[in-house]
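A.B. asks: Sequence:
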Amino acid sequence: MLPKVNQILHIQVNSIDDEEAKQEFKSRIADINDRQIIMEVPLNEKTGRLKRLYMGDELSVYFITDGGVKNYFNTSVLAFSEETIRMVHIKKPEPETITKVQRRNFLRVPAELELAVTYSEQLRFVALTDDVGGGGISFLCDGYIPLNIQQSVHCWMLVPYKNGQIEHVPFRGELVRIKPLETGIQQVMMRFAEITDRDRQKIIRYCFERQLDLRK
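The sequence shown: position 101 = 102 (my numbering), numbered continuously.
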């Protein structure tokens with residue numbers, strides 16, 4: 002399903018500046034043609050400021066449809082036009098590239114991904130994920146590492162794609178369950194407490210690719 006005229010787009014700019022990349026903007030679709038979506042200049046609702054975009058800027062976008070389903074896609078800025086107000090022209094996505102996610106029904110897949118965990122200033126360790134999803138992950142680590150449920154931790158996860166690209170996904174997680182295993186390691190379930198929609202989309206994309214591999 003493609004977005005429609007007057008629908009609201011939620012936008013993040015793919016930037017090497019972490020602060021800029023975390024900011025979310027909203028824009029209304031004014032028109033759609035065969036190749037482009039024409040939208041108003043995005044607005045940061047927290048600051049009330051308009052976001053100045055440039056030709057070639059890469060954007061992570063989602064729009065919400067019935068039932069709270071978020072529809073994610075990637076696009077780029079193609080052109081600008083001056084009508085009653087300034088308009089931004091972005092590349093129209095192919096329908097098959099749009100990822101649909103219902104927040105309360107995130108896909109989870111078994112996966113061993115590298116995870117760096119900062120538990121405190123004194124305790125940092127590396128672990129392997131056990132499964133991964135858009136709402137959280139579980140991971141395996143040495144049983145002697147002292148962990149507690151409801152603890153908030155900062156993490157970096159390496160997310161590889163089939164095309165050879167590797168993304169670094171930062172997030173803050175909350176430990177919700179810790180299960181000691183007979184092998185002397187512990188399985189830790191974690192939900193995402195703070196993660197940008199752009200980074201969540203990277204994980205969701207990986208989950209869909211992984212699911213396709215598992216089906217084969």
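Keep in mind that the hints were calculated from the coordinates and are not lab data. Just so you know, not all the hints are guaranteed correct.
[To be verified] Computed list of lysine to any residue pairs in SDA-like fashion (alpha-carbon distance at most 25 Å, straight line):
| hint | residue 1 | residue 2 |
| --- | --- | --- |
| 1 | K71 | C142 |
| 2 | K203 | P181 |
| 3 | K92 | F81 |
| 4 | K93 | D67 |
| 5 | K101 | L3 |
A.B. asks: Among the hints numbered above, which are violated by the structure, and what are their numbers in rising order?
C.D. replies: Of the numbered hints, 1, 2 do not hold.
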